[in-house]
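These are the residues of each chain, in order.
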Amino acid sequence: MPDRSTENRASLMGWAFVAPALTLLGIFMAYPILWSLYMSFQTGKGMNFKFGGFANIIRLTQDPVFLRALSNTMLFLVIQVPIMLILALLFAAALNNPKLRGRAILRTAIFLPCVTSLVAYSVLFKSMFAIDGIVNDTLMTLHIVAEPIRWMIDPFWAKVLIIMAITWRWAGYNMVFYLAAMQNIDPSIYEAARIDGVPARARFFKITIPMLKPVILFTTVLSTIGTLQLFDEVNTITASQGIGGGPADSTLTLSLYIYNLTFRFMPSFGYAATVSWVIVILVGILSWVQFQVAKDR
Amino acid sequence: MSLTSKLTSLLMQAALWLAAFISVFPFYWMIAGATNTANDITGGKFTLGSNLIPNITKFFELVDVPRIFFNSFFVAIAGTFFTLAISSLAGYGFEIFRSKTRDRVFGGLLLMLSVPFAAMMIPLFVMFSAAGIMNTYLAIILPGVASIFMIFYFRQNTKAFPSELRDAARMDGLKEWQIFIKIYIPVMRSTYAAAMIILFMTNWNAYLWPLIVLQTNEMKTIQLVVASLATAYTPDYGLIMVANVLATLPTILVFFLLQRRFVEGMLGGVK
Chain A
1 MPDRSTENRA
11 SLMGWAFVAP
21 ALTLLGIFMA
31 YPILWSLYMS
41 FQTGKGMNFK
51 FGGFANIIRL
61 TQDPVFLRAL
71 SNTMLFLVIQ
81 VPIMLILALL
91 FAAALNNPKL
101 RGRAILRTAI
111 FLPCVTSLVA
121 YSVLFKSMFA
131 IDGIVNDTLM
141 TLHIVAEPIR
151 WMIDPFWAKV
161 LIIMAITWRW
171 AGYNMVFYLA
181 AMQNIDPSIY
191 EAARIDGVPA
201 RARFFKITIP
211 MLKPVILFTT
221 VLSTIGTLQL
231 FDEVNTITAS
241 QGIGGGPADS
251 TLTLSLYIYN
261 LTFRFMPSFG
271 YAATVSWVIV
281 ILVGILSWVQ
291 FQVAKDR
Chain B
1 MSLTSKLTSL
11 LMQAALWLAA
21 FISVFPFYWM
31 IAGATNTAND
41 ITGGKFTLGS
51 NLIPNITKFF
61 ELVDVPRIFF
71 NSFFVAIAGT
81 FFTLAISSLA
91 GYGFEIFRSK
101 TRDRVFGGLL
111 LMLSVPFAAM
121 MIPLFVMFSA
131 AGIMNTYLAI
141 ILPGVASIFM
151 IFYFRQNTKA
161 FPSELRDAAR
171 MDGLKEWQIF
181 IKIYIPVMRS
191 TYAAAMIILF
201 MTNWNAYLWP
211 LIVLQTNEMK
221 TIQLVVASLA
231 TAYTPDYGLI
241 MVANVLATLP
251 TILVFFLLQR
261 RFVEGMLGGV
271 K
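Just so you know, the protein sequences line up as chains A and B, in that order. First residue of the first sequence? That's 1 in the working numbering, and the numbers climb one at a time after it. First residue of the second sequence? That's 1 in the working numbering, and the numbers climb one at a time after it.
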């Protein structure tokens, strides 16, 4: 039957096109994922493994450094992501107004931070927030503070600094997603609402926000995954003498702790793998919750 | 317009210009910093200084700049090229040759997309050490070459590839791989261009994996050099700013020359 042979040929062709990618993904993604799951049940230092059952999970609950890294990461997530996404949404709503003067310049300027590498902007923030640096100078000149803020020495301000830095880098990035989605909303909907006398604020909450729900969900999930893996910034901005996450581990994140466990201390691969699976599970749970919340509304 | 709405609009504009200023100022700060001494920079001097030449000289004395740049460009370009080739092949294959099994495999890939890199990092490190390819270009590039995100991106965009073109090419007796190379790639060149920009930026800016893989100074990329200079005991910000300008210049150029494509590539996966 000629039909069947063309079908088989097409199927074979299909596999031929996807085979190189699937092979590579199998070796460099699927296999490492499964291996690290297996590793997380192994204990021991260096390359001497033995089966440890739930030993690593018990160790997690008793490890103050892990608990600190976990609470820092969650704090960054809970405070930074909403601030950044709300800012991005406000910028997008304002820039979506065609009557706004300087729209193109403003949009480009606010988007610009996301072309910098994480390392490059981290270095800029590190130098601007030096104790006698430009930011403290400006704050004191404007009489907002009386004494210089100890950005990289005080645990509280170090966290604030990291949150500000990430917001600077990513707000414009998220704004572009919202702007693109807003431009897809049919202007006649707004026109009709205006004629019916719906005020601007209500138009924003009753039309724009519901229409943007899929994009808001997308950016929330993406930002959650990104923040749970926070590494570059805390390994640069709040690092001193080559060790990140300072001062006194106040900006230590889960990813940085995994890095330290693997490469800085006597390598403890099994335990580090367990910590990495905490991130996997958190990503899974939080993405699921975010999808549920988006579905209900 | 009433007075209050005029006032709100004015306030809103002021806020936007302030946000734009905050967004752009660090770029100016970086350029000004390249012309100042380390003490001036951490002392908050934001006017241009006269220390540019000494900073450049010091940077070139301390670091093998041509070599570092070669490393960065080589890794970024080769990584981008292979990722485009492998991922566009797969995206095309998943979309053009639909089958139940392959659709299921694709669904599995999307599930893997949300597994963070941290969970693969340690096994990858052990694998690459055992294979004896640590500290090589290959080691930096290899884990990223088959990118699920890019496969997804190409699959989405292939939906817009006209099937009449494929049918006509088949009538002309072209083989499947010829259709891909002679018809698909030229027709989809704007899709490739957008993907290329995003990949180049990602590869150029990569930090964590290269930090794990690269062990010697002559293999380091510019990002690693900047980071290691900046986390030293007493960082010399003058020369660091020179390094930073050089590390950022390629991506800024790409952005300004190809802004529209850049945004297209970024939004590509969501369409």
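Hint data in this document are derived by calculation from the structure and do not stem from the laboratory. Predicted model only: the values in this text are computed from it and were never measured. Hints should not be assumed to be uniformly reliable.
[To be verified] Straight-line alpha carbon distances no greater than 30 Å define the calculated DSS-like cross-link-like pairs of lysine-lysine that follow: (1) A/K99 <-> B/K182; (2) A/K159 <-> A/K50; (3) B/K100 <-> B/K182; (4) B/K45 <-> B/K58; (5) A/K159 <-> B/K45; (6) A/K50 <-> A/K213; (7) A/K99 <-> A/K159; (8) A/K295 <-> B/K100; (9) B/K6 <-> A/K206; (10) B/K159 <-> A/K213; (11) B/K159 <-> A/K295; (12) B/K175 <-> B/K100.
[Stated by the list, open to error] Partner residues are not named here, just some residues of chain A that face chain B (Cβ under 8 Å, in silico): (13) A104; (14) A272; (15) W277.
Using N, Cα and C, we set each Cβ at its ideal position, and we do this for glycine too.
Report the numbers of all earlier hints that the structure fails to satisfy, in ascending order. 1, 2, 6, 7 and 13
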